[in-house]
Amino acid sequence: MDLELKHIHKRFGHVHANDDISLMVRGGSIVGVLGENGAGKSTLMKIVSGFQCADSGEIWVDGRRTSYRGPQAAIASGIGMLQQDPLDVPAFTVIENFVYGQPGGLLLGRRTAHERLSRLCQRFGFELNPDAPIAQLSIGQRQQLEIMRLLALGVKTLILDEPTTGISAEQKSMLFQALRELAKQDGMSVLLVSHKLEDVISLCDEVVVLRAGKVVGVLPMPATAKQIVSLMFGQELASQAQAPVALGEPKIRLENATLRGKRVTVENFNLDIRAGEVVGLAGLEGSGQELIIRACVGLTKLARGRVLVDGKEKTGKPYRDFLGCGVAFGAAGRLEEGLIGGLTLTEHVALTENTGQMLNWGEARQHTEAKLKHYNVRGLPESPVEALSGGNQQRLLMALLPRQPVLLALEQPTRGLDVDSAQWIWKQLLARRESGTAILFTSPELDELVAYSDRILVVYAGLVYEITDVGSTTIDELGRLIGGQFIVAAD
Amino acid sequence: MKSRTVLQISFFILPIIVSLAITAVLIVAVGSDPREVFEAVWQGAFRNSNAFAGVVNFWIPLVLCSMGLIITFTAGLWNIGVEGQMVMGAIFASWAARTLVLPPPVLVGVEIGLAMLGGALWAGLVGLLKTRLGVHEIFGGVALNSLANVAAIYLIAGPWQPPEGGSAQATAPFPADSLLPPVSAEFPVNLLAVVIVFIAIAAVIIALRGTRWGLELRATGKNPRSALLLGVPTTRSAVSALMVCGMLAGIGGAYRVLFTYSSLRPFVSGGIGFLGLLVVLLVAVKALWVPFVSLLFAVILAGSTRLRVALQLDQSLAGVVQGMLVLLVLLANGLRQRFMERDSRRPEAETRDYPLITRPDTEAENV
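Which chain is which? The protein sequence lines are A and B, in order.
Residue 1 is where the first sequence starts when you use the working numbering, and the numbers rise one by one after that.
Residue 492 is where the second sequence starts when you use the working numbering, and the numbers rise one by one after that.
These are computed hints drawn from the structure, not numbers from a lab.
Just so you know, nobody snuck in bad clues.
Covered by chain A, per the in silico footprint, the following chain B stretches (three or more residues, Cβ under 8 Å):
{"no.": "1", "segment": "691-705"}
{"no.": "2", "segment": "711-718"}
Negatives, chain B to chain A, calculated, CB over 10 Å:
{"no.": "3", "residue": "A542"}
{"no.": "4", "residue": "P594"}
{"no.": "5", "residue": "I629"}
{"no.": "6", "residue": "V674"}
C-beta: ideal position from N, C-alpha, C; glycine also.
Could you put together the complete structure from these sequences and hints?
As structure tokens, then:
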């Protein structure tokens, strides 16, 4: 089945998540969709699979324009999506999950369902006990079940979102084998969304790279990792921007830390960040860097190991304890984690100032005005925070952080900002570093990492590779490391 | 701009008219005259000072519960357990009334203090279940409501049964010294309780507008994750909101036993806590409106007791009117939001979609 997208647009507020995206997937081919966090991949896939509606644009199936609302209608048009977390019902058994959603009357027709399932299992070499409850299955097996369910529904285009996170190597090779077979023998079109260069290189016939909501390149495979990386990240690397500062005492220390996330585990990890040091965390979304940064502020509990702030043991303490010791955290999602929709700017300032139980709104307003001016936030003290633009929200967050923190841990501090605003943010951050603040940040922008970090930690599938000589790192090298190729080097 | 104001006003008035119309149709359907029903309710509430005292006696516990619920709703909590908190307040006050021998003013003070303690403990339990064990406050609240009622019935039928034998109807009347005195025989309302109600209204409004505690509650209610990251003790906020609500509900419960009934009865709260939930939903968590809407509800509630006498209609009609009103106002609010959204399709519209009440994330502590 041929699937063609023409001029797809989708906006969320001021974010243009999909900006005039056109692409073509021919029947029988496997197309990889690559792009950094926020490049617009997920939005595009949600539009294709019917979970969201495009603001404008057309979807053509086999040369005919189609329009549908909702995933069911998409499936009826032959387009099915395998979600990152398979959409199964944990309380049901394998066969029950296989049957639901299938057309048919009131009677389920268990026997025919059993036969179809076992035929599909045989074909792809999957081993699934039809009567096993979903809860006993691994993520890889649940994926297998979901794929077979979609196939039985007559899906001709299969979309897979990060299918290789959290599954074993053996399951991965089975999955890839099945996908190749479906494309070559059944003429299915497959869209693979992934962060992992190795997966894309080994499986896809063509790679489409998205950046900031736009298609920036279509590469026929085979292409080298270098070609793909330079498309994904755009410009060449800038050089380090700031002169190194004399480093002081260690401010934050992780000792033999084991951090368990939903899909990745970081094991036996050690980290020291000293006063005045800037450490960048590189890695594709979900590689484990958010576990590390959140462990440093007490938001992720350590499964094993210790965390020390300023030499004081803080293992197992709640976030507020860390905050009390001068650790400040800024999360990536501003209105989800950081600012409070519905409260005004003044109320935010009052909330973060420690001025006793009775509030003095006149004073709070004055402080807010001063802060807005100092941090160049364009907005009124009495306006609700969600009325601010993204850049102004980010600057407000900056204004709310403590003045002289011991550690600033920031997720994507310049996300969604233009170049000037981003530079302004970094000027503020580096000024704090001069006074002895340690900074730990994550960023999807390679040049931001290189420009401001004294050290870069590259995280891939929970493993960490440290770059100490940031100045002489090339984009090629960094891109390869982010794609996980240091594992080979280490072996 | 002008049409917008008209729209706003019509969205406010329309549900009231529609709910009255539907109620009128229902009344006609059961074979009565809506005008007579209205007349009977009006008479029931305002016939004389005695009738109006009946209104005030409903109004007092209703405002107390509603003001408490304003606090919990602000913190993003559905405190269904307010009924149980009232009952616990009533039980604690009853214990003091039955057991302690003190000079009357001191005794009344102790009774009310204990009622606050009882309500706060019961509400604190809801909070602990939620924050420590992950039991949603609605489920915890419902369970504790039943438990409180069971406890009351056990006491009435068991240890506190009247000497003439336990019929499980009520305990023996409490000693006169332990009761709240009425203003006069013509206007049987307790003045102290009215004063407490006005203090409670003022205190809640001031606490929410002018104190750090109130600001933290609002932050927790709107976005517990962000609030936590900005340094708000979200768990403490939630539990303290519940406990303060429990205190106010506890006083409401005490009023029922120390004034309305002079004894402890089963289901002593009489559904007033649930009615408080409706009041707060109706006023969209705006504290200043609570006394007025509560008064309206109290009029309907007290007035409809006369329906049976005058028209042989069941007084549950009052519940129908109240339920209809709340339902239609909420419906109108939903419609208005949709209307406004379509009206002002600005790019921000999607990001500012914050519901009135968000459920705090129990995982906020370990994000």
